[in-house]
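Start from the sequences and build out the full structure, keeping to the hints where you can.
Chains as they are written, first to last, in our numbering: chain A, 210 to 478; chain B, 210 to 478.
None of these hints come from the bench; they were simulated from the model.
Quantities reported herein were computed from a predicted structural model and do not represent experimental measurements.
Virtual Cβ for every residue (Gly too), placed ideally from N, Cα, C.
What you were told as hints is all true, and nothing was included just to trick you.
The list that follows gives simulated cross-link-like pairs (lysine-lysine, BS3-like), each with its CA atoms no further than 27 Å apart: (1) A:471 - A:218; (2) B:320 - A:253; (3) A:236 - B:320; (4) B:357 - A:366; (5) A:236 - B:342; (6) B:279 - A:253; (7) A:364 - B:357; (8) B:357 - A:344; (9) B:357 - A:342.
Here are a few chain A residues that sit away from chain B, every Cβ distance over 10 Å (derived from the structure): (10) 217; (11) 243; (12) 246; (13) 262; (14) 289; (15) 343; (16) 407; (17) 410; (18) 461; (19) 472.
2 protein chains.
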Amino acid sequence: MDAREKLQKVLDENKHICIGLDTDENKIPDYLKGEKNALQLFNKIIIENTYEQVAAYKLNFAFYERMGTKGFEILEETLSYIPSKILTIGDAKRGDIGNTCEMYADAIFNKLNFDSVTLNPYMGYDSVEPFLKFKDKINFILVLTSNKSSNDFEKLKLENGKYLFQQVLNSVNNWNVHNNCGIVFGATNLEELKNNCDNFNNLFVLLPGVGAQGGSLEEVTRLFKLNKNNNYLVNISRALIYCENSTKFPKIISETLKNYNKIAMETSR
Amino acid sequence: MDAREKLQKVLDENKHICIGLDTDENKIPDYLKGEKNALQLFNKIIIENTYEQVAAYKLNFAFYERMGTKGFEILEETLSYIPSKILTIGDAKRGDIGNTCEMYADAIFNKLNFDSVTLNPYMGYDSVEPFLKFKDKINFILVLTSNKSSNDFEKLKLENGKYLFQQVLNSVNNWNVHNNCGIVFGATNLEELKNNCDNFNNLFVLLPGVGAQGGSLEEVTRLFKLNKNNNYLVNISRALIYCENSTKFPKIISETLKNYNKIAMETSR
Chain A
210 MDAREKLQKV LDENKHICIG LDTDENKIPD YLKGEKNALQ LFNKIIIENT YEQVAAYKLN
270 FAFYERMGTK GFEILEETLS YIPSKILTIG DAKRGDIGNT CEMYADAIFN KLNFDSVTLN
330 PYMGYDSVEP FLKFKDKINF ILVLTSNKSS NDFEKLKLEN GKYLFQQVLN SVNNWNVHNN
390 CGIVFGATNL EELKNNCDNF NNLFVLLPGV GAQGGSLEEV TRLFKLNKNN NYLVNISRAL
450 IYCENSTKFP KIISETLKNY NKIAMETSR
Chain B
210 MDAREKLQKV LDENKHICIG LDTDENKIPD YLKGEKNALQ LFNKIIIENT YEQVAAYKLN
270 FAFYERMGTK GFEILEETLS YIPSKILTIG DAKRGDIGNT CEMYADAIFN KLNFDSVTLN
330 PYMGYDSVEP FLKFKDKINF ILVLTSNKSS NDFEKLKLEN GKYLFQQVLN SVNNWNVHNN
390 CGIVFGATNL EELKNNCDNF NNLFVLLPGV GAQGGSLEEV TRLFKLNKNN NYLVNISRAL
450 IYCENSTKFP KIISETLKNY NKIAMETSR
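Right, here's the structure in full:
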């Protein structure tokens, strides 16, 4: 199924929360720690108790890579739990020379069958082009990130008066020939979101930084609704998946997500 | 063993070639294709026939990730063939928020025990800081890359008159408190190498782009010798590891490398 249609469908149902499966063996509920395949089980419980209410699941490669070959197996197993109608995001932040990115794109889109990926634009067009050739996938390219040091380079002023991240945003708009581009824009940068959302056009926007990093779901929701832009995903990782340590975890993660959805719905009225 | 001491020792022996193990099942010599564990065998042959003459081995994660869990096993197995006195570079081009990069650094430095890594600076200081905390490793940070599209952003002019990549170079110099930073600078950009090498200071310089990408070993060697800078590594991947398709491969890769070393030595006189 075309990733763009898949995402458009859930966005039209007013679902905007993406759950970040930043799965960490030290942080999963105590009652799961002794279980065989505890991490797979943890992810399975999350998915089973949230899939009807989410827009997407984002798998952060770092958390799986850390466990070596076993981590790779857990990642593949986790993908198999996700109903095919829900968008999957491979949060890998790839970017390399073309020859290498052909391999990464093959790994992420063909072998792992992710619907979408996150990409780092530093090396320019030919470093993302192998991904853009996949017309039915979505490529979320870093524009302005949610971390403090986004000031270091992303917010440098260029000779033309623009910030570097604005130049990247312009380029992504130009690269969006197949309508398969998206951007990553930190929800922690509300002012910059306001100042630049006119230039988001039909790009899908992935907003990390809500929850543990301090961004506000209400504020970003209000902003997008005000701009009549429905093409946004708000990623929440730690604040959701580590919401409860007891055996009530399945019930409570479902309720916590419902609450987030409720906040989003009420704000949007 | 401290990665910096390890590298310094081989550089002092006038070895500067880094072999990029961009191992691709479609490109290995025909006589190996039918073998069990052909890719491990291919890497093992390369290492056994080159380790006395190289400065480092660089493993490009893309080529292994593409094979899923099996690829991860091949990567780990390959690392076990490399004599501990030779520097290993995990060419992963990582860059993410701090919390995530803690995981990547743990994976690459602790679990896989690489001596060094390549990093993407787009997200700024806090995105590389978890790596910099490893004082006895080397962090090669992208400055100016070897691909054509390095013009897109890396060579954008900033308000202060510098190129973005020059600003990154300045920052890496500032981040080098533990003397554990290096940079990636494309050998394809000879003019920029000339214009910026005064600012390399004591950073280790990894130069990709020689061979298949068109950079010249003679020219970069001449430049570094002229500047009395001995802290450079010239990466060669495809032009070396796919130098021969017959059973003479072990002998010919050894001779090809000897030739590269000879060119480097003669140029440096």
